[in-house]
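Based on the provided sequences and hints, a complete structural model is requested.
Heads up: the sequence lines are chains B, W and P, in that order. Heads up, the first sequence is in the UniProt record's numbering, so the first residue is 1 and it goes up one at a time. Heads up, the second sequence is in the UniProt record's numbering, so the first residue is 1 and it goes up one at a time. Heads up, the third sequence is in the UniProt record's numbering, so the first residue is 1 and it goes up one at a time.
Be aware that one or more of the hints could be misleading.
With a straight-line cut-off of 30 Å between C-alpha atoms, the simulated DSS-like cross-links for lysine-lysine are [as the list claims (entries may be wrong)]:
no. : chain 1 : residue 1 : chain 2 : residue 2
1   : P       : 137       : W       : 224
2   : P       : 48        : W       : 345
3   : P       : 217       : W       : 345
4   : P       : 217       : P       : 137
5   : P       : 48        : P       : 67
6   : W       : 279       : P       : 114
7   : P       : 41        : W       : 345
8   : W       : 243       : P       : 114
9   : W       : 12        : B       : 120
10  : W       : 321       : W       : 279
11  : B       : 120       : W       : 41
12  : P       : 42        : W       : 345
13  : W       : 345       : P       : 114
14  : W       : 345       : P       : 46
Covered stretches of chain W, as calculated for chain P (at least 3 residues, CB under 8 Å) [unchecked claim]:
no. : stretch
15  : 18-30
16  : 50-61
17  : 133-146
18  : 159-171
19  : 242-249
Please keep in mind that the hints were generated in silico from the structure rather than gathered at the bench. Ideal placement from N, C-alpha and C gives every residue a C-beta, glycine not left out.
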Amino acid sequence: MSTNSDNLHGREAVDLLKSHISTGNARPVLQEIHAALEALLATGTTSTIDLGAIPFGPGDERLLDEVLGKGELSATLDVLGTSHVEETGIPGVWRIDHFDQNGETLSRFVEVTFLPEILKTQRADAEAGLARLAIRLEEHDSRTH
Amino acid sequence: MADKPLLPDLMKAHGISRRGFLKYCATLTSAMALPPMLAPKVAHALETTARPSVIWLSFQECTGCTEAITRSHAPTIEDLIFNVISLDYHHTLQAASGDAAEHAREQAMKDNWGNYLVVVDGSIPIGNPGYSTIAGISNLDMLKETAEGAAAIVAVGTCAAYGGIPHADPNPTGAVSVSDIITDKPIINVPGCPPIPIVMTSVLAQFLTFGLESIEVDKLGRPKAFFGETIHDRCYRRPFYDKGLFAEGFDDEGAREGWCLYKLGCKGPTTRSVCATVKWNNGTSFPIQAGHGCLGCTEPDFWDNGGFYKPLSVPAGEYRKLGLAAVAGGAALGVAGGAVGRANKARAARAHETVDAHDLEKKT
Amino acid sequence: MNNPYFDLLMWARGPGFDIALTILIGGILLRVVEIVVLGRKKDLAKPKGSPVSQGIKTIFTRSVPRKGMMKDAPVTYIGGYVFHIGFFIAFFFLGAHIALVDDLIGLNWPAANKALIETAAAASVIALLALAWTRVKDPVRRALTRFDDWLVLVLSGLPLVTGYVAVNQIFGDPTLMMAVHILSAELLMIAFPFTKLMHAVTFAMARYYNGSIQGRKGAES
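Here's what the structure looks like:
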């Protein structure tokens, strides 16, 4: 990146510069994640850290991504806009980013858990699904007969 | 209120899954500056509380607050209107007009007496009630009448909260704030000119999901969650202030380097707001980031607090004329004092008697 | 609805400052002009040395302790230096104060960083406490000390302490503490011409006068 950074101009150069702006908040957040993961393993307590609740610059984001790394699992939810749920390179530590229908960020979280709640099928949805399945089967049956 | 369906039922009716509801609650919790662990409580509140009726009154205002709140991105005004509240009267946003609009207000008051929420933007002129009227009703009368059956009032914008620009010297309309008139109802002030959109929606959302008791306010009636710290405390330019690096003009080297704007009159050190962290336009920027000092718009009388471009440490009065007068007056008094001293000295010299050892011996 | 703290700050920046500045400038002029007008009897004797050069020299040499004095009264000398230099740095190198001077007389210079200013302010306050301690401890000084001296000591320390509190928001509302800081400085301004604080102006006149008498007699001062 540093090799071609000299050739960047205008907006791109500004964006590159911006990606290094740091508030120094990434380190304490990483420490918090560390403590949360210890708690998860010791007592099974899950925790959620709201990245929107603290000043967090692009440079902090960069450090967070660098330390946590990419993991094995990544899911995209299509619900009221999209949501990205990704396990980081540290199993048990998840990134959850919610976006609205226009792709604007709604909220960003780090969840320390074995499985984020939002990935699980919700009981109410399953109940609705059961009803829907019954209707579809009926329709199917009436069509084939 | 029984005929108003609860949010999860509404969502279900619109084909939105439970996951969508969870996502909505997580985002709402974050927007309300609450710890993420409270998301299930937010969900529970939304599941069990009926959407309360809200009556929005606009008095002496510029519609800037309404313009701003429609730009809130999380929760959006649509979220609030469709999911959390029942906005029964807002003369800028509602489709009905004239008599029909006023009837909507009266009906909402009648149906929800004692339980509805009143949101006010704009100050109230008491110099002459005719300065500002809606449907022939003066602002003062409408506020008193509507407030009577309200559970609580949210004063949105510095005009409603503290009198704002209409209240600025010489205050030709005799403009006052909501709390200057209504004293027997809980009032939450959400000042700003305009307030940060998501601060407005978040305060409303928190009020509606967790109730009045959940909102801790300061001495000026502002929620501490959003008005607890000064902008200076959280400003990304603060390190330059600490290093003693200041922009001296809007186009000098320091301004280009992004140095502190204190000397250009920034009111960040005495202004409480989350502008520096929450920012504006979906978190894009805020005035100081755009290169202009803070005007202090969340504070009472910000318009009359000594000039927008004068640093806080610089005197705001008529000291130059007085200083010159002091030079002349001090010098004149000094000459007079010196003359008196000289006269005393001369008199003492005249009265001086020489004394020798014999005289002293005689005396003793 | 008003914020009483803002009203206080605006009073401190407005009428309060006007009053303090008028008294400070008027008072200094009153006293200096009075001293000059009072004059001295003309010395008709032929000078044996150079009164002017000795007078000017003395203005500076009296800032250096005389031989042996540093050992006799270390707290007075070291405390005195630390207080004066610290107060000078804290006053003249904080950005907010430079903005004030700039507004008053149009002069501007670079500001120092927070660490330097706060170290200087803290050292000044410690020096003041040490000086106060010697006033209590030393019987001669205790006998010489009057109300005026304690007043001046407290008035010089207050702006340093309140300024530190206001900038770092140690306690109190930031607006209130800023108002309190400005008011404390205004008290110092008002007291200045009528207390021993006036030495900051008259020291040069007094030293020149003493030096020139010696110079006239052909002595080193």
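Status of each hint after checking the structure:
{"no.": "1", "hint": "137(P) with 224(W)", "in the structure": "49 Å, violated"}
{"no.": "2", "hint": "48(P) with 345(W)", "in the structure": "28 Å, holds"}
{"no.": "3", "hint": "217(P) with 345(W)", "in the structure": "25 Å, holds"}
{"no.": "4", "hint": "217(P) with 137(P)", "in the structure": "39 Å, violated"}
{"no.": "5", "hint": "48(P) with 67(P)", "in the structure": "26 Å, holds"}
{"no.": "6", "hint": "279(W) with 114(P)", "in the structure": "27 Å, holds"}
{"no.": "7", "hint": "41(P) with 345(W)", "in the structure": "11 Å, holds"}
{"no.": "8", "hint": "243(W) with 114(P)", "in the structure": "6 Å, holds"}
{"no.": "9", "hint": "12(W) with 120(B)", "in the structure": "18 Å, holds"}
{"no.": "10", "hint": "321(W) with 279(W)", "in the structure": "42 Å, violated"}
{"no.": "11", "hint": "120(B) with 41(W)", "in the structure": "19 Å, holds"}
{"no.": "12", "hint": "42(P) with 345(W)", "in the structure": "15 Å, holds"}
{"no.": "13", "hint": "345(W) with 114(P)", "in the structure": "52 Å, violated"}
{"no.": "14", "hint": "345(W) with 46(P)", "in the structure": "25 Å, holds"}
{"no.": "15", "hint": "18-30", "in the structure": "violated (count 0)"}
{"no.": "16", "hint": "50-61", "in the structure": "violated (count 0)"}
{"no.": "17", "hint": "133-146", "in the structure": "violated (count 0)"}
{"no.": "18", "hint": "159-171", "in the structure": "holds (count 3)"}
{"no.": "19", "hint": "242-249", "in the structure": "holds (count 6)"}
Violation of the numbered hints given earlier is confined to hints 1, 4, 10, 13, 15, 16 and 17; the remaining hints are satisfied by the structure.
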